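So you can see what is in the structure, the chains are spelled out below.
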Amino acid sequence: MALIDIFNKFKDRVKEAGIIKRLMRSPLKSVFALLLIITGVVLTFYVVHLDIVIRQKFDGKRWSLPAVVYARPLELFIGRAITADQLEEELLLAGYRRESGVKDPGGYERNGETIQLVSRDFHFADGLEKSLPLTVSISGNRIDTILRSDSGINISLARIDPARIGSFHPRQHEDRILITKEELPAMLVRTLIAVEDKKFESHIGLDPLAILRAAFINLRAGATIQGGSTLTQQLVKNFYLTSEQTLWRKFNEAVMALLLEAHYSKDEILTAYANEIFLGQDGGRAVHGFALAAQFYFRRNLGDLKADQIAVLVGIVKGPSYYDPRRNPERCRERRAVILDIMQQEKIITDDQYHQALASELLGTDRVMSGFNRFPAFLDLVRRQLIRDYHEEDLTSDGLKILTTLDPMVQKQVEQEMAESLAELEKQTESKGLEGAMVISSRENGEILALAGGRKSFQSGFNRALDAKRPVGSLIKPAVFLTALMNGYTLASPLDDMPISLDNPGGGRWEPDNFDHRYHGRVPLLEALVFSYNLATVKAGTEVGVEQVVQTARKLGAEGKLPPYPSFLLGAVSMTPLEVAQLYQTFASDGFYVPQRAISSVLGADNRLLQRYGLSVEQRFEPQHIFLINTALQRAVSEGTGSSLSRNLSPSLHTAGKTGTSDDLRDSWFAGFTGDRLAVVWLGTDDNKPIGLTGSSGALVVWGSVMAGLNPQPLDLDEPPGIVWARVYDNDYGAGSNYKGGSDLLPFVEETIPSGADLVASPAIVEKKNRAPNMLERLRKWLPW
Amino acid sequence: MTRNNKYMGYLLTKLSLLLIIVSVLLLNGCTTITPLPEKVPSAPAADLLSEAELDIQAGNYNRAELQLERAMRMEPRNGQVWHLMARIRYEQGDYGQTVQFCLKSNTLAGDNLTLKRQNWMLLEKAYTSLGETKKAEEAQHKAATL
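Residue numbers (our numbering), protein chains in the order written: chain A, 1 to 785; chain B, 1001 to 1146.
Don't read these hints as lab results, they were simulated from the structure.
Quick caveat: nothing in here was measured; it's all calculated off a predicted structure.
For each residue, glycine too, the CB sits at the ideal point set by N, CA and C.
Please note that a few of the clues may not be correct.
Label-pair restraints from in silico Cβ distances [unchecked claim]:
1. A/761 to B/1130: 36 to 44 Å
2. A/756 to B/1050: 51 to 59 Å
3. B/1132 to A/752: 24 to 32 Å
4. B/1050 to A/730: 51 to 59 Å
5. A/123 to B/1132: 36 to 44 Å
6. B/1058 to A/204: 54 to 62 Å
7. A/518 to B/1141: 29 to 37 Å
Next comes chain A alone, as it looks inside the complex (with noise of 0.2 Å):
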């Protein structure tokens, strides 16, 4: 009753008002007028709403792109040294495909020694390298001669585009390679709009007849079978909204398609959609895009697919996981038929195209390796150096390219010889749970080549070598013997390698013992080095005074707390394998101090250089010094603690290094260097367990084994001016020291050298001199004029 008399109240207000008199004829039809006007309102507001949204997304940044990690690009020059089958394998992991008949860019060929190859366009920090058809010959384990394939011209140099080694996502793990419409590959755009929309160009959003046609199809046969959506739907439903079914969503994708096709060309919406299809699943990655797609099923650029990689592309459209071409390759194959019969019925392809589609191979790829995220420690090194200067959301929205100095041929090896020698150690202790970590970075500029955070180097987590701070032991000697020798010790200086009792500052008394608990008497300074005495170094480091000693291991790189007591002289100090590699960086660079780098260039989306990380070198200690403490850590390989390492490298090498075991053989390093590279190995259990091993009959073994595969280059030290070489002679050496009796060959710094010692040439001038003078040489003697 009540509303009747305010709908009568309402209507006599309405006629007073004389509004809308002729459309009120009855009570019922003014209700409905009513809500029509407020529902138009409302609508109004809402498709405004929905314009704004769609015109925010569309307009504005509309994806996020992750930065994306390179490693250091293949170099090719003549004389390198690489095998056919190292070559190879950088190759697979830089994306390239094997083929027969290479043409296209990203394709390789081998014929035994012989690669063949059509390198990628590719943008350096220094500018693009182009694509290269080029013909790579390799002899004795060496690039004899490099071609270009066409023109049959020689090259010195060339350069590979590198490999993708990860990327750094936002937390919906999307990726894409974005393209413009012009890098839409026409037969792609034709097929797609065949199969998917065939009324594209002409309808305004919505295709009517194409949505009754699915109902009735999808009525009859009582499921789902077909869509009707446009691709201008498809784009909405992918770009704005969830993938729930409801009517509501519906009508929001049709609104919004509309609104779409009243805002945006045809080429826009058509370029959108080729970016934001969803097409596959990489493990945690989601494929997005053709491009992307093109790269991961195919290892091809876009524009270099064929027939029936387009039809497979556009036949995934439809159900990426369900048409997975490698985990349902039947299911797959028969979708591609139907694209194929598609393409021949709309004349996109002929008749013979498309019997040959038919007939090809699914994938035609045989091996694939993906470089996504296959080095998660490394990666962890990087995002570290990066987020010192990027905020995180530039890192996984800018679409940044980060150019690294990752070596994917040694980080091959080191995860390979890791992963091996780790199982054959623990067999050996007949233990568990054993964990490594190791670095490997270039022995004069500071570049880390590889890196290995665990024994497992597919899973990320705990990164030992930038994590697990661990008590270096003895790597630390070298440290306590140059600021010895910059104190005017020399390699010879008698040492008294006795028991010593010191004051302990935390109380107490702090009573220190060598490793094979002998006292040996007195030493020269070499030999408590070469063969790490606790006590001569102990001696050592308390006469020049810890204090200093710590100075130096700051020289050398040491960061973080270095506590001045002196048990820090025995290595009682807790350091990253990553740290440890900086401080021997410096012996390895000559005295050098060089701050290592993972990063050597960052480039915007657009391929503009944004920063660089460059190369800076500081000399902090006298060359000299370095020289002889060099010297000595060859010696220490040679002759010392070290010297179980030439079952893995030839003594040739003259590789110079150190081993450091902590308390109760918790943990055992190796730290050395080649002539061309410096690397660091830890061993250890993550809860710090003894793992019965030390430096050298664990991380040794482990460094031996690596170094080993990645053809080292012989050290051969620069001698300073200002060394002189003498032979000195036993003094009064202990009767524990093995110098006892004998005599030595040693440099000395000049004004140093001891009474009684005999001057003799540098074993570098007499090496030379041996040498044979060669045949032109000869031949010059010979002449008169």
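We have chain A; now place chain B onto it with these hints.
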């Protein structure tokens, strides 16, 4: 006896060498057309070095540096590469690093006196710019007396 044998052997080698020279000279006289050798590509690192030098002259220091870093990966102990790095740093006004790269180049220079002289000359300029006159004088002296 052995000494005699040695001497005979020595004489024989010398004689045979003489023979080779004579025949080479004769052959050279006879040949009319010598085919030009195929263009042998020069050392790749050297190519990058000359590119880098051009870049330095043109003021493209970033690019020059990148070329040098490439060259350094091929020949890390080529003192010339480190010298050019020093020149880039000098042009960029980073005199501290100029000094450091020159010092590094010197440690790798070996018998290359020309390179050492170039380093000391650049060191003199860098030290002067840094206001370290004494070191500059020393560097000048070294450059002059090498």
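> Which of the numbered hints above does this structure break?
Replying inline: Failing hint: just 7.
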